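Novice: Starting from the structure of chain A, add chain B where the hints point.
Protein chains in written order, with this note's numbering: chain A, 1 to 85; chain B, 1 to 269.
Bear in mind the hints are in silico, worked out from the structure with no lab data behind them. Please note that the accuracy of each hint is not assured.
As the list claims (entries may be wrong) - Label-pair restraints from in silico Cβ distances:
no.: 1; chain 1: A; residue 1: 24; chain 2: B; residue 2: 149; range: 51 to 57 Å
no.: 2; chain 1: B; residue 1: 234; chain 2: A; residue 2: 36; range: 54 to 60 Å
no.: 3; chain 1: A; residue 1: 32; chain 2: B; residue 2: 136; range: 54 to 60 Å
no.: 4; chain 1: B; residue 1: 136; chain 2: A; residue 2: 30; range: 32 to 38 Å
no.: 5; chain 1: B; residue 1: 108; chain 2: A; residue 2: 82; range: 37 to 43 Å
no.: 6; chain 1: A; residue 1: 49; chain 2: B; residue 2: 214; range: 51 to 57 Å
no.: 7; chain 1: B; residue 1: 75; chain 2: A; residue 2: 63; range: 31 to 37 Å
no.: 8; chain 1: B; residue 1: 75; chain 2: A; residue 2: 35; range: 30 to 36 Å
Since the structure is predicted, the reported quantities are computational estimates derived from the model, not experimental observations. Quick reminder that beta carbons are idealized off the backbone N, C-alpha and C, glycines included.
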Amino acid sequence: MSLEETMSVEETVKKIATRILRKSEADYASAASFKDLGADSLDIVQILVAVEDTYDIELEDEELQNITSMKDFVAYIERKVTDKQ
Amino acid sequence: MGNENILKGKVALITGGSRGIGRAITLRLADEGADVIINFFRKKSTAAQTAGEARARGVNAHTIKANVGEEEQIDSMFREIEEKFGKLDILINNAASGVPRSAMDLDSRGWDWTMDINARAFLLCAQRASRLMKNGGRMVTISSLGSRLVWPIYTAVGVSKAALEALTRYLAVELAPQGIRVNGIAAGAVASEALKLYAPDRDLPQLSWQSTPAGRMVQPEDIADLVAFLCGEQSAMIRGQVIVIDGGMSLAPIGTDFSQQDGGEVDRS
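Just chain A, same shape as in the assembly:
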C-alpha cells in the first residue's frame, strides 16, 4: 500500500499541490483556490495528472470547469475515488 493510499484525499491533494507549486503547508492552508496559490494553467495540468496517476482515475475537464475552490476539488476527487471502488 502506497503512502497516498493511507492518506485522506485532502492530505494527498495538499501534498501534490505543495510539491508542484513549491508552496508550504501554511500557504496551502491559507488559500481557498489553486489560483490563490499562484497556480497557472500548466500547474493545474500537472496537479490533475498527478492526482489521476495517484488514484488511477480520470478527471473530466468539463466537470472541472465548474470547480473553483480546493474544497470542491477535493470533494470531486473523493466522489471519483468512491465511484471507482
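Specialist: Same frame as chain A, but now just chain B:
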C-alpha cells in the same frame, strides 16, 4: 477505407493517437492493415475505446500512457514497444500541446512545455524509433499553418511547429540512408476539440469554411488520408516535405467569403 491493406504487417506508433486528428490517423492506418500503438497522455478510457475501434478492423492495437514532453516517459514507451513488438515501421508524431498566450505574455515554462511536447519529442522519438526501424520506415509529423502564419495567441505552438518542420527536413536527409522516409503535414484550422482552445469564438468554424476555397473545413480524416499516402509506396520520392492541407485557405486574404461565389454577371466588355 483501404482495400489492399498496403500496411499489413507494419507496426505504427501514433503519438496522441486516441482522439481528434490522432484517432483518425490511428483508424486510417488500421484500415490499411497496420498494427497500431496508441500513445495517450491522460484519457485511458478514450485510448481504450480507439484501440477497440482499431481491433474491430482486424489489427492489433496497444495503448501506452506517456507524456512525450518527458524524456524518461519516451524511454519507457519505446522499451515497451520493443518488448511487445520488437520493431517499429511507422512513427506518426502527432501529440501536441501549448500555452495559448501572446508573445509578450509567454513565460519560459510555457515555452519549454510547448517546445518539449511539440518539437523536442519528435527528435527523441525519432532517435529511438529509427533504432527499431531495421528494414526502413516512415515518419510523418503533424504540423500547423501556425508555423508560417500568425494567429494572436498561437505564438508558442507556431514557433514549435516551425522547429518541427525544420527537424522534419533534417531527419529526412539524415535517415534516408536507412530507408526511412520523413515528411510532414501542415494543416489549417481542423474541425477538432483542440481548435476550441485557440478559437473560443463559436463562429470561427463557419467563418473558416467561408474563407476556404474548398468550401468546408479540413476534417481529421483528410489529414489521415494524407498520412496513409505518405506511408505508402506511391510517395516514395517525397522526402522532407511539409504538405499544406487547408482547402486553399492560406491562399486567400483573411475574411474573403467564398460562400458567396455565385459568379454574377459575365464581363462582356
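Novice: Do residue 32/A and residue 136/B keep their Cβ atoms within the hinted range of 54 to 60 Å?
Specialist: Distance hint for residue 32/A, residue 136/B holds at roughly 57 Å.
Novice: Does 51 to 57 Å hold as the CB distance between residue 24/A and residue 149/B, or does it fail?
Specialist: Given about 45 Å between the Cβ atoms, the range is violated.
Novice: With 31 to 37 Å as the target window, see if residue 75/B and residue 63/A comply at their CB atoms.
Specialist: Since residue 75/B and residue 63/A have Cβ atoms about 33 Å apart, the given range 31 to 37 Å holds.
Novice: Does the beta carbon distance between residue 49/A and residue 214/B stay inside 51 to 57 Å, or does it fall outside?
Specialist: violated, 38 Å
Novice: Looking only at beta-carbon atoms, does the pair residue 75/B, residue 35/A fall within the given range of 30 to 36 Å?
Specialist: Because 35 Å falls inside the window, the suggested range holds.
Novice: Regarding residue 234/B and residue 36/A, is the given constraint of 54 to 60 Å on their beta-carbon distance met?
Specialist: Holds - the Cβ-Cβ distance for residue 234/B and residue 36/A, about 57 Å, lies within 54 to 60 Å.
Novice: Look at the Cβ atoms of residue 108/B and residue 82/A and judge whether their distance stays inside 37 to 43 Å.
Specialist: holds, 40 Å
Novice: How does the Cβ-Cβ distance of residue 136/B and residue 30/A compare with 32 to 38 Å: does it lie in that range?
Specialist: violated, 60 Å
Checked against the numbered hints given earlier, the structure breaks hints 1, 4 and 6 and satisfies all the rest.
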